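Asker: As a plain string of letters, each chain reads:
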Amino acid sequence: MMNQTPPTIAKLDADAISLESVSLWNITWRRLFKRKSSLVGLGIIIALVFIALTAQWIAPYDPLQVLIGIEDVKMRQAPCIHLLGCPQDQPQHIMGIDGNVRDQFSRLLFGTRLSLIVGFSTVTFAIVIGTVLGALGGYFGGWIDNIIMRVMDVLLAFPSLLLAIAIVTVLGPGLINALLAIGIVSIPSYARVVRASVLSVREMDYVSATRALGGGTFQILFMRIMPNALTPLIVQGTLGIGTAILDAAALSFLGLGAQPPTPEWGAMLGSERNQVFTAPHLVFFPGFAIMLTVLAFNLLGDGLRDALDPRLK
Amino acid sequence: MMLQYILRRLLSAIPVLFGILLVTFALARMIPGDPCRAMLGEKATQATCDRFIREKGLDKPIHEQFFIYMKDIARGDFGTSLRFSQPVTRILGERLPTTVELSFSALLISMTVGIPLGIISAVRHNSWVDVLTMVWANIGVSMPVFWLGLMLAFVFSLLLKDTFLWLPPSGRVSAGMDTTAFYVAWNLNLPESGFLRAIAEFIGRLNILNSLLTGNWELLRDSVRHLILPAVALGTIPMALIARMTRSSMLDVLGQDYVRTARAKGVRMNQVILKHAFRNALLPIITVLGLSLGTLLGGAVLTETIFGLSGVGRILYEAITARDYAIVQGFTVVIAVFFVTLNLIVDISYAYIDPRIRLN
Amino acid sequence: MKSKIFVLFSLLVVASMLLAACGGGTGPGASDDVQDSGPFVAKKLEAPDCDSTGIIKAVEANDQYTVTFTLCQSDPAFLSKIAFSPFAIYPEEWIERTAGETTRTSEGLEKPVGTGPYMISEWKRGDSVNFAAFPGYWGEQPFAKTLVLRWQSEAAARLLELQSGTVDGIDNLGPTDFDVVRADSNLTLVEREALNIFYIGMTNTFAPWDDVRVRQAIAYGIDRQRIVDNFYPAGSEIASHFTPCSIPNGCVGDAWYEFDAAKGRELLAEAGFPDGFTTKIYYRDVVRGYLPQVPNVAQDVQAQLKQNLNIDAEIVVMESGAFIEASSTGQLDGLYFLGWGADYPHITNFLDYHFGPANTQFGVAFPEIYEKLNQGAQIADPKQSEPLYIEANNAIRELVPMVAVAHGGSGTAYRNDVTVPQASPLTNEQFAVSNPGGRGVFVFMQNAEPISLFCADETDGESLRACDQVMEALYGYEVNGTAVVPMLAEVCTPNEDLTVWTCTLRQGVKFHDGTTFDANDVVTTFTMGLDASSPLHKGNTNVWEYYDYLWGLMNKPAE
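Residue numbers (this note's numbering), protein chains in the order written: chain A, 1 to 313; chain B, 1 to 360; chain C, 1 to 559.
To be clear, the hints were calculated from the coordinates, so they are not data collected in a lab.
Note that the structure is a prediction, hence the values are computed from the model and not measured.
There could be a bad hint or two in this list.
What the hints assert, rightly or not - Pair ranges (Cβ atoms, derived):
| hint | chain 1 | residue 1 | chain 2 | residue 2 | range |
| --- | --- | --- | --- | --- | --- |
| 1 | B | L196 | C | T105 | 20 to 28 Å |
| 2 | B | S349 | A | I234 | 27 to 35 Å |
| 3 | C | A358 | B | L196 | 50 to 58 Å |
The beta-carbon is built from N, C-alpha and C at its ideal position, and this holds for glycine as well.
Please work from the sequences and hints to get the whole structure.
Answerer: Next up, the structure:
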């Protein structure tokens, strides 16, 4: 009789369940694609990732190569585009030459790598730590929650850029330290998101059911509660990548982030900021690149938020 | 009920304040290097710096310095700047008006542009106005503020140089401008020091307010012109945020049943928007305003650097570089306490507006 | 018996009179006689002996208009030093009144009183310092009745303000701005002579810098002309010697090595590094006159080292304070970028500081260099000391403790109608002699805000420039030059061995507060600056850097 657990029904159920999850994903993707802006964002991001992966082959020059003595170009020379009328005998530099006589376009392309790495790594770092903290606080409540939330409050009490500046000053200038600083400063928002999710489902039936069935704390946390937090995390994270890229650019602008000769957009902007009137192309292009990247992530994040929003079902 | 909530929030603010003091002190002291070498640069000698550090009490064990620091704060003494030999509170008082003026103007711009834009796009949902606004808002949020500032300066200070649209690239007022404070112009006999005097000096340094009080139209025109570029640069991100937030919360509210009912009952669209929908959409907007102040102070460092304004953010950044511990600690604590207070007010007004929150 | 007692007694009296007369006195420091408003009572500052002071033993007012400086050693650079801004003379009543508990009072820090052509009318913190012409000035009245000093840290913004006409002159043009100013017919460019040096340091206590051949290889292997051409503004030049040539004896001896990459590689191979080696380049990202584009130069040097000598150098940016501490104590194990700007225009300011026996920044100091320097510092006449400095410079070249790269020029720009446009090599512009096109208000924009206006205890050029308009010292520097000219002193003459300098003061000079300038003001000023035990010795940060470094403080408390 034991083997007579109705397999048919179970299978049917399984099918029904999987059908449902498939259609949930389907719905999300479809809704995402419906919004043109999020498509644009996604498209830009894919293009950026492509550039980041293939920079070595696309870039016309080595980003670190100083062209003194190799080509007859002047420092901070304006862009020369053959298609737009620049004489053929001059070497083509579609975004001009930078302050160390290097090709800016190549540096911009390689900078994509850095910006994407910056964005993903800081957000991942902040999400991992923030999730742990938020989950612990939300689930256990009591004094654990209190302490964690107070620490988050202290972090949030400082303006994020100033706190990041202070942290980088303590650790020393450099891209890794800048990432660490930005990551630390971003933790509270993710901790809060996760904590809120945990709180909202903590008392729900299916959680109690799992507990009744003998599930351990971690099992409950990670199998039942966390998936709930996934949605807001994804949204927050995507938007957070944009903020992280902006913060890293700000730190590099101030000379605290990426160090020379690294081709990071914020650093490129910062080192040429006093030439904004005499060589505006050196300020315009890196800034535009930053803006485009952050815009892409913001559009995608907005789209994800709308697509995953349960209320809009 | 309300009182309990307020008390609870106040109580939880205390450890946060202590945490702020601790973190500020720790960060400030963990910065490598010392103020002597920061000040003298390549001219610093070991003997000179040893003497300097000893005289300023910086060679005492770190926990002893922390206790002294806490004791002083409790007495309201935020310390004396190592570089300027002035009390930190005095320096703060001198710099705060600049930042306040800048932040307020930025916030004003962001609200007066952002909120109407948000409302319009919510009402004309999915129309070209909506799309355009949201594209613009998204771009605004994505722009690095230092880039925007530089581009604005490029356009308005260089390209439009000999036109009437020209705007000055830096500073608060033009040289030689008469900035007499209102209490001097009105011949008020204020005491030389004390609370009243401090307030009056503060207001006197708010150029726009001061010019209005003294009827100095030259100064008004000059300060406004100097303020436009930095305020726009600083206010663009909050403006975009406010526009998006207004739009989404208006959309939320407009989709509600009671709005449909009101319209079904024949209430005019404008009335619906203003009287019912907007007020209920206010809550998230207030949140964004509160959060924006955070962006403003952080972004103010960059804007102040580019436009040559000596505000709180700029001085704090320079103090970090110069290892002027008193200023770093004092300013940071003041800013942080300000934020905590702001959060408290926002939370309490939340609880006031939405009773469900109190019961949490 | 009686006669013996009498003799003893008279001896005692004479002895005590002698003791009272020469040094010692009742205690260390100045003997402050009570001053009535009556006949002139001369003041005197004196150290008990030459162990408790630096160079200056005593400053004494002989009469109302004569001051004598007695030194513990001969100082050929006395006049160059005494003209320096921090040693400007303050009125004695003002000094006494503004001496606070531990620091000078706010009034002391913000409203200095001097004898200069301008007075401080208001310092609007964060905005500007405003000056008004001093009607009672002993010299020529300033052309502009009002002077306004403003500041802006971004070079591009400074230039824009000049082009818009909102300021009359700006300091420190950005590297690309020189061409812009030259091309603009409404503006005048004034190049500032470079009184500084940028060098690449090596600490010889670390390998491979302990081998002189490696150090020489670096000297051969860097194309300094390329660096100057690309990253320095006009008016800069590669360094033929450590000291700029405008300073007497700066450029005597053999010139620095010519760029020769092959020779460099050869030397490296000799030293055991045929394939180069790995090292680091340390620098701090701070703009200085000797190195305006730090990261760019660092990257170029890195590229050159690789290209020319096959040396892999990793760039390490350090925090300024940490960098200074590490470099000055000789702890950096790689190449490091540092420089020096002149405080006073004398060779001792450059060579003695860096290559003297006490300096550990290059590792172990070289007696071949410092012995010559010590001898040279005893001789006043540059012609006489020339052979010694030839030897010293040649020794520096041979031993290569560092690679001298460039003297960084800078530039100021003014509107066309400003007369006597100035770019003082010592950043000692005296705006009183410039006429801003008849406008009556002169607006000058510098890099940063002054830290305080009590320049006796300040080191930053921005503070000193503000004070220079208001204060005067016994001597001064000529407009746009480094030669000293008498200012508050009509002349200061030394004795045979340059240990006693007697200054005859100018008469009929008034301070801004109406008091008359006399010898007691000089003595009180130096008491305030030199005597660490005096209650008047209160400043801003109380480091008294220049009083200490150029003269040496008196009666320093025991360590």
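Asker: Now tell me if each hint is right for this structure.
Answerer: Here is how each hint holds up against the structure:
{"no.": "1", "hint": "B/L196 with C/T105: 20 to 28 Å", "result": "holds (23 Å)"}
{"no.": "2", "hint": "B/S349 with A/I234: 27 to 35 Å", "result": "holds (31 Å)"}
{"no.": "3", "hint": "C/A358 with B/L196: 50 to 58 Å", "result": "holds (55 Å)"}
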